[in-house]
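K.L.:
Residue-level listing of the chains:
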Amino acid sequence: MADLSTNLAGIKSPNPFWLASAPPTNSGYQVMRAFKAGWGGVVWKTLCQEPIVNVTSRFAGLNLNGRKMLAMNNIELITDRPLDINLQEIAECKAAYPDRAIVASLMTDCTQARWHDLVRKCQTVPIDGFELNFGCPHGMSERGMGSAVGQDPELVEQITRWVKEVATVPVIVKLTPNITDVRWTARAATRGGADAISLINTINSLMGVDIDTWNPIPHVDGKSSHGGFCGPAVKPIALNMVGDCARDATVPIPISGIGGIANWSDAVEFMLMGSTNVQVCTAAMRDGFRIVEDMIDGLNTYLDDRGLASVSELVGKSVTRFVDWNDLNLDYKIVASIDQDKCINCNKCWIACEDAAHQCIDRLVDERGGTALKVDEEHCVGCNLCSMVCPVEDCITMVRVDSGETTHTWRERLSVPS
Amino acid sequence: MAEPLAPLDVTVEANRCLNCYDAPCMHACPTSIDIPKFIRRIATGDLAGAAKTIMDANPMGASCARVCPTDELCEGACVYTPDAPAIRIGQLQQHATDWLIRDGRQLFTAGTPTGKRVAIVGAGPAGLSAARDLARLGHAVTIFERDDLPGGLNTYGIVPFRLPADVAVWEADQVRALGVDIRTGVSVGVDVTAAELLEYDAVVIACGMGTVPALGIPGEDAEGVWDALDFIRSAKMDGTVPGLGQTVAVIGGGNTAIDAATVSKRLGVPSVTMYYRRGAERMTAYGFEIEFAKTEGVEFRTNVLPHRILTTDGRVSGLELIKTDPAGTARPLVGTEYTIPCDTVVRAIGQTKFSKLLDAFGVSHENGIAVVDAGMRTNAPTVFAAGDCMFRAGASDAMVVEAAERGKTAARSVDELLRGGAR
Numbered sequence: 001m002a003d004l005s006t007n008l009a010g011i012k013s014p015n016p017f018w019l020a021s022a023p024p025t026n027s028g029y030q031v032m033r034a035f036k037a038g039w040g041g042v043v044w045k046t047l048c049q050e051p052i053v054n055v056t057s058r059f060a061g062l063n064l065n066g067r068k069m070l071a072m073n074n075i076e077l078i079t080d081r082p083l084d085i086n087l088q089e090i091a092e093c094k095a096a097y098p099d100r101a102i103v104a105s106l107m108t109d110c111t112q113a114r115w116h117d118l119v120r121k122c123q124t125v126p127i128d129g130f131e132l133n134f135g136c137p138h139g140m141s142e143r144g145m146g147s148a149v150g151q152d153p154e155l156v157e158q159i160t161r162w163v164k165e166v167a168t169v170p171v172i173v174k175l176t177p178n179i180t181d182v183r184w185t186a187r188a189a190t191r192g193g194a195d196a197i198s199l200i201n202t203i204n205s206l207m208g209v210d211i212d213t214w215n216p217i218p219h220v221d222g223k224s225s226h227g228g229f230c231g232p233a234v235k236p237i238a239l240n241m242v243g244d245c246a247r248d249a250t251v252p253i254p255i256s257g258i259g260g261i262a263n264w265s266d267a268v269e270f271m272l273m274g275s276t277n278v279q280v281c282t283a284a285m286r287d288g289f290r291i292v293e294d295m296i297d298g299l300n301t302y303l304d305d306r307g308l309a310s311v312s313e314l315v316g317k318s319v320t321r322f323v324d325w326n327d328l329n330l331d332y333k334i335v336a337s338i339d340q341d342k343c344i345n346c347n348k349c350w351i352a353c354e355d356a357a358h359q360c361i362d363r364l365v366d367e368r369g370g371t372a373l374k375v376d377e378e379h380c381v382g383c384n385l386c387s388m389v390c391p392v393e394d395c396i397t398m399v400r401v402d403s404g405e406t407t408h409t410w411r412e413r414l415s416v417p418s
Numbered sequence: 001m002a003e004p005l006a007p008l009d010v011t012v013e014a015n016r017c018l019n020c021y022d023a024p025c026m027h028a029c030p031t032s033i034d035i036p037k038f039i040r041r042i043a044t045g046d047l048a049g050a051a052k053t054i055m056d057a058n059p060m061g062a063s064c065a066r067v068c069p070t071d072e073l074c075e076g077a078c079v080y081t082p083d084a085p086a087i088r089i090g091q092l093q094q095h096a097t098d099w100l101i102r103d104g105r106q107l108f109t110a111g112t113p114t115g116k117r118v119a120i121v122g123a124g125p126a127g128l129s130a131a132r133d134l135a136r137l138g139h140a141v142t143i144f145e146r147d148d149l150p151g152g153l154n155t156y157g158i159v160p161f162r163l164p165a166d167v168a169v170w171e172a173d174q175v176r177a178l179g180v181d182i183r184t185g186v187s188v189g190v191d192v193t194a195a196e197l198l199e200y201d202a203v204v205i206a207c208g209m210g211t212v213p214a215l216g217i218p219g220e221d222a223e224g225v226w227d228a229l230d231f232i233r234s235a236k237m238d239g240t241v242p243g244l245g246q247t248v249a250v251i252g253g254g255n256t257a258i259d260a261a262t263v264s265k266r267l268g269v270p271s272v273t274m275y276y277r278r279g280a281e282r283m284t285a286y287g288f289e290i291e292f293a294k295t296e297g298v299e300f301r302t303n304v305l306p307h308r309i310l311t312t313d314g315r316v317s318g319l320e321l322i323k324t325d326p327a328g329t330a331r332p333l334v335g336t337e338y339t340i341p342c343d344t345v346v347r348a349i350g351q352t353k354f355s356k357l358l359d360a361f362g363v364s365h366e367n368g369i370a371v372v373d374a375g376m377r378t379n380a381p382t383v384f385a386a387g388d389c390m391f392r393a394g395a396s397d398a399m400v401v402e403a404a405e406r407g408k409t410a411a412r413s414v415d416e417l418l419r420g421g422a423r
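Chains as they are written, first to last, in the working numbering: chain B, 1 to 418; chain X, 1 to 423.
What the hints contain is simulated information worked out from the structure, not anything from laboratory work. Honestly, I wouldn't trust all of these hints.
When the alpha-carbon atoms are kept at most 27 Å apart in a straight line, the in silico DSSO-like pairs for lysine-lysine are as follows [to be verified]:
#	chain 1	residue 1	chain 2	residue 2
1	X	265	B	374
2	X	37	B	68
3	B	342	X	37
Derived DEER-like restraints, expressed as beta-carbon distance ranges [unchecked claim]:
#	chain 1	residue 1	chain 2	residue 2	range
4	B	355	X	161	38 to 48 Å
5	X	301	B	355	40 to 50 Å
6	B	265	X	16	29 to 39 Å
7	X	16	B	293	24 to 34 Å
8	B	143	X	3	49 to 59 Å
9	X	148	B	366	46 to 56 Å
10	X	16	B	32	52 to 62 Å
All C-beta atoms in this analysis are idealised placements derived from N, C-alpha and C, irrespective of residue type, glycine included.
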């Protein structure tokens, strides 16, 4: 049994799985259920001095090929419940589960007084840390909060500094992906004194348009507004931003990874790419809190199978392998290889290569009319597309054909005088 | 029998399809339906497009969805097999065509009139398919059908729980909607002569086959002895068979025999037994049909021949059987006779051929089977033949889907002839 406990900038939890600040962490009742299921921590749904007013409806799902909720978006705002009730419930949850992490997500108006006031009020109950919500892309941003802050590095730095002036617990700054280069705001948070960053918050989105009624989806009395996009479909975007922050020397603070994490292997990927722990929301919204049991078990088995004593040994192990394109080895060559015994003759590789790649799979017909697919290795560029569309596991593999002895990058080529 | 798929099942199954390129299922379909395309259209919510893909390739697409031996055709070729279950193509096809039947829209239009007239003998699957494609090509088509309803065996000869008559009639209505004149209750050779039909620019003979021949044993004229096709027709059209009784003996080992047996069970007969003259492995019924019959409670006796029908007051009261050579030669073994009590005997031992009709059109035939080339052309310059009337022996040919394809082929050849192309 590996050690799954994590320590994010001083915030300890028995496992790396936290529930992100979102509808599942709206109330003490839900957080108690989450802790009972085994979640290592929660980031409470964002608190403000005054509750906001929400609309109905609020969520919409992205469905694909019959699968529901590959992603979702939402136009729900921060907590619509009074601060004192939220704080009382936080205290009850902490008392019932003292070993779990409870982090309060915060958002308020852009003045030092308002932020000082909110932090001080929250610190009247036992709390393990703060997460500054600079990421919420919908609604609150129109009032100068949320991603309106997170898109301005100066505001990020300023508010972080204000919070740090009065905070007695670690401060995490949650970053918005609705920005050109997330490192700018990550660096600003670092300069402001943040103890950690968390990313990504949700992505600006309009889920769809109802082709029968022509209403946008989801709609509120026939109209909609952009919402925050999250769930498995956003994972590659999140992983890229986490990796960018992790490999940035000017962002030396720990990272809490968020974005489409739905199972233990997603979590491993985020940790390898530099996350100390992970936060989950959409998967729990779809399947309930019980998924954490499988996440814990899967992660533990993975670590045990690899002989790793602690989950912390994963953190950042792939970061140095995430580099600029200019540093990729131009001498590395692979080609596709089709296992004829496993091939089921669906021809998906052939049509993909023929129409969309480099026309280097040949359809051979034998005397009996049987067909076989063969890679023209001379022209195969090793793009992976055929192996991506192949439905059979390990039928198309990519085989290395270069000597493996030389390395030659674009950066090197540019630096050598011709 | 396959039930219509539930909406959830449709979603799951349609999305499970890999959407193969140049898909084996498509090649395994005699009518070459672009199966991945229609499944993709179902998956993306374009039911009209899915139905159009099916019906364009196969005018009998709704019938075939229900009666095709898909294990031996499209589903048998599915790339998922044998590692995973094949896509349930037949049921997805039924889902799309059922949608079209409910929706009621007309998918196809008649072509620009060519001024050419084509006569078709028989409104079964082959005749209707030929008519549908000829009408789309602009030819004026008249079908002569001896029965009161169009559809042929689809309407009258396939048990209702496999293919309801209204589906077959709907398919005929789609053909009629293209302007095809289907004259029912008109028997060629009786009500209209071959010579009159030969005045048309072309003739397609799609007359199918005739009655089930007699067993040639004593007692055969007793009340309670049935031609299997008449038996199924009565069960299907009237919902009952008069004087059915408690015990039914079906003679034969083909799909029609199975149909007669299973429909008897569905009509509530407690004891239904099939008697086949050779070993079980020689039965021409599809394996899945035999399995279905067993699950319906039909019993099987093999290597046995009917010898004599016992009667009481002119009615069937029993059947005397004689065992045959276990080596499968069907040679009766003298002294092995035994009798069973029964109330109804159904003979399903093949069908007679319309030799005289073919003679009347001057069409060469071998024992009543029209001789045609790959384009369904007979020796007579303007006469073509499609469907059961030109199939050689062998159960696999006599499928609705094959009849539809031959009808399409005949239509293409007729069109070539009428447009002055090479014959």
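K.L.:
Against this structure, judge whether each hint is valid.
P.N.:
Against the structure, the hints come out as follows:
{"no.": "1", "hint": "X:265 / B:374", "in the structure": "violated (54 Å)"}
{"no.": "2", "hint": "X:37 / B:68", "in the structure": "holds (23 Å)"}
{"no.": "3", "hint": "B:342 / X:37", "in the structure": "holds (25 Å)"}
{"no.": "4", "hint": "B:355 / X:161: 38 to 48 Å", "in the structure": "holds (45 Å)"}
{"no.": "5", "hint": "X:301 / B:355: 40 to 50 Å", "in the structure": "violated (58 Å)"}
{"no.": "6", "hint": "B:265 / X:16: 29 to 39 Å", "in the structure": "violated (24 Å)"}
{"no.": "7", "hint": "X:16 / B:293: 24 to 34 Å", "in the structure": "holds (28 Å)"}
{"no.": "8", "hint": "B:143 / X:3: 49 to 59 Å", "in the structure": "holds (56 Å)"}
{"no.": "9", "hint": "X:148 / B:366: 46 to 56 Å", "in the structure": "holds (53 Å)"}
{"no.": "10", "hint": "X:16 / B:32: 52 to 62 Å", "in the structure": "violated (40 Å)"}
The structure fails hints 1, 5, 6 and 10 (numbered hints given earlier, in ascending order).
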